[in-house]
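Colleague: Spelled out from the first residue to the last, the chains are:
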Amino acid sequence: MIFRAVEDADLIRKARRGEVEAYNLLISRWERRVYNYLLRIVANREDALDLSQDVFLKAYQNLRKLDDPARFGPWLYRIAHNEAYSLFRKRRPEGETAELQPETLEGEATPGGNAVFPIELTLAVSNALHKLSADQRETIILKIYQGFKFEEIAEIVACPVSTVKSRLYTALDLLKAELAPVKARGVS
Amino acid sequence: MSCSPFDLRDYYFKELAEHDRRLMEAHVKTCAGCREELERLRGVETALLALPDEEIPQRIGFVSDPVFQPSALRRWWDALWGSAARLGFASAAMLSIALVVFALTRPVPQASAPAPAIDRTALEADFTKRLNDAVQKAVAASEARQARQTQELLATSEKREALEREAVMVRVQEYLEVEKKRMNRMILASNEYGEAR
Chain A
1031 MIFRAVEDAD
1041 LIRKARRGEV
1051 EAYNLLISRW
1061 ERRVYNYLLR
1071 IVANREDALD
1081 LSQDVFLKAY
1091 QNLRKLDDPA
1101 RFGPWLYRIA
1111 HNEAYSLFRK
1121 RRPEGETAEL
1131 QPETLEGEAT
1141 PGGNAVFPIE
1151 LTLAVSNALH
1161 KLSADQRETI
1171 ILKIYQGFKF
1181 EEIAEIVACP
1191 VSTVKSRLYT
1201 ALDLLKAELA
1211 PVKARGVS
Chain B
1468 MSCSPFDLRD
1478 YYFKELAEHD
1488 RRLMEAHVKT
1498 CAGCREELER
1508 LRGVETALLA
1518 LPDEEIPQRI
1528 GFVSDPVFQP
1538 SALRRWWDAL
1548 WGSAARLGFA
1558 SAAMLSIALV
1568 VFALTRPVPQ
1578 ASAPAPAIDR
1588 TALEADFTKR
1598 LNDAVQKAVA
1608 ASEARQARQT
1618 QELLATSEKR
1628 EALEREAVMV
1638 RVQEYLEVEK
1648 KRMNRMILAS
1658 NEYGEAR
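Line by line, the protein sequences are chains A and B.
So for the first sequence, our numbering puts the first residue at 1031; every next one is plus one.
So for the second sequence, our numbering puts the first residue at 1468; every next one is plus one.
It should be emphasised that the hints constitute simulated quantities derived from the structure, not laboratory data.
There's no promise every hint is true.
[As the list claims (entries may be wrong)] What follows is a set of in silico ranges between Cβ atoms, one per label pair, in the way DEER data are often shown:
#, chain 1, residue 1, chain 2, residue 2, range
1, B, Leu1571, A, Leu1096, 36 to 44 angstroms
2, B, Ala1493, A, Asp1203, 56 to 64 angstroms
3, A, Val1191, B, Val1530, 36 to 44 angstroms
4, A, Asp1097, B, Val1568, 30 to 38 angstroms
5, B, Ala1493, A, Val1191, 36 to 44 angstroms
6, B, His1494, A, Asp1084, 45 to 53 angstroms
7, B, Leu1516, A, Lys1120, 26 to 34 angstroms
8, B, Ala1559, A, Lys1095, 24 to 32 angstroms
[To be verified] Sample of chain B residues facing chain A (criterion: CB under 10 angstroms; computed from the structure):
#, residue
9, Leu1505
10, Arg1507
11, Leu1508
12, Ala1514
13, Leu1516
14, Ile1523
15, Gln1525
16, Arg1526
17, Gly1528
18, Phe1529
Backbone N, C-alpha and C define an ideal beta-carbon position, used for all residues, glycine too.
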């Protein structure tokens, strides 16, 4: 358990009063998570960083609209989700209705400091994730990598909990099938 | 997986209520199939976590530029309306101030002059005089009423006596008339008897 002398809610209250330093401290607690969430969705570091900055700016501008400071996390990710899908819509060619599919992250197979997992597994996971639909991949990211509860995910992506569960379990079945050969070779 | 009382995946992701979670724990201990499925889920999750988080290439931060800052008044106003507790406190404070201002500025009611020393003797004399006057007036009124009633009674009585006296006189007159007639008849009868002899 991480002990925080100042809770997020206190920082939010101070930021609402215009204390920018309190908001910067709040950013420092969330920026890495938000950046990685966006990076896994848009699969582009530059876009992920730009979007992250936009997300925190929008959050600051709308901080007064946040009813319950305890729900800051899902609220922030809701903004991030909207920003990412707004980017997808902007980049989608005119008239295209196909599933949104970000490009495979360049250099994803060689993440810095990845000494625990073999590169083959990392590549396999990355490829398997990109075979999922955008909704399924986002649900996997929010549940497995970000650790949100079903209700929070439903709030972020604006859909019922039953849909979230359906997306997650279907995605897990697909990933299980995709990753089975890699595991069978004893990589993990 | 269908042998478990709840969705095994909900159990794996710790999304079950406490009571349901305990039931699932007891079931998993005795069900090899469910344990295998849990292992498979754990394996997929472990594989997914092989993709580690990256460090953000550039820290995000905002500078406190007064140009972009709302004014102090604006921040105070927003903070006031942004918090129900503060708004409530402000309302209570305003009400208190209004009460104090009202209490300080309202016209002072005419302070009653110090009560003059009461002259008890004069008061008693005045009271006695008024009482006597009232009693005398009441007595006079009562006597006048009694006198008037007495006079009325006397007048009525005299009238009745006069009527009775008149009735007696009429009867006496009638009696005398009858007696006179009888005397005349006796005289006539005596005269006739004398002539007849």
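Colleague: Each hint: holds or not?
Modeller: Consistency of the hints with the structure:
For Leu1571 (chain B) paired with Leu1096 (chain A), a C-beta distance near 42 angstroms keeps the hint of 36 to 44 angstroms intact. Taken as a hint, the range 56 to 64 angstroms is violated for the pair Ala1493 (chain B) and Asp1203 (chain A), whose Cβ atoms sit roughly 26 angstroms apart. Checked against the given bound of 36 to 44 angstroms, the beta carbons of Val1191 (chain A) and Val1530 (chain B), roughly 40 angstroms apart, stay inside it. Between Asp1097 (chain A) and Val1568 (chain B) the C-beta distance comes to about 36 angstroms, which sits within the given range of 30 to 38 angstroms.
Distance hint for Ala1493 (chain B) and Val1191 (chain A): a CB-CB separation of about 26 angstroms, inconsistent with the stated range 36 to 44 angstroms. A hinted range of 45 to 53 angstroms for the beta carbons of His1494 (chain B) and Asp1084 (chain A) is consistent with their spacing of about 47 angstroms. The supplied range of 26 to 34 angstroms is met by Leu1516 (chain B) and Lys1120 (chain A), whose beta-carbon atoms lie about 32 angstroms from each other. Taken as a hint, the range 24 to 32 angstroms holds for the pair Ala1559 (chain B) and Lys1095 (chain A), whose Cβ atoms sit roughly 26 angstroms apart.
Because the smallest distance between the Cβ of Leu1505 (chain B) and any Cβ of chain A comes to about 12 angstroms, over 10 angstroms, the interface hint for this residue is violated. Hint status for Arg1507 (chain B): holds, given a least beta-carbon distance of 6 angstroms to chain A, under 10 angstroms. Here the hint on Leu1508 (chain B) is kept, as its CB sits about 7 angstroms from the closest CB of chain A, short of 10 angstroms. For Ala1514 (chain B), the suggested interface contact is upheld, since its CB lies about 5 angstroms from the closest CB of chain A, less than 10 angstroms.
Checking Leu1516 (chain B) against chain A by beta carbon gives a least distance of about 7 angstroms; that is within 10 angstroms, so the hint holds. Look at Ile1523 (chain B): its Cβ gets to within about 4 angstroms of chain A, closer than 10 angstroms, so that hint holds up. For Gln1525 (chain B), the suggested interface contact is upheld, since its CB lies about 6 angstroms from the closest CB of chain A, less than 10 angstroms. Of the supplied interface hints, the one on Arg1526 (chain B) holds, with its beta-carbon coming within about 7 angstroms of a beta-carbon of chain A, less than 10 angstroms.
Nearest Cβ of chain A to the Cβ of Gly1528 (chain B): about 5 angstroms, under the 10 angstroms cut. The hint holds. Proximity of Phe1529 (chain B) to chain A holds as hinted, the smallest CB-CB distance being about 5 angstroms (cut-off 10 angstroms).
Comparing the model with each earlier hint shows violations of hints 2, 5, 9; every other hint is respected.
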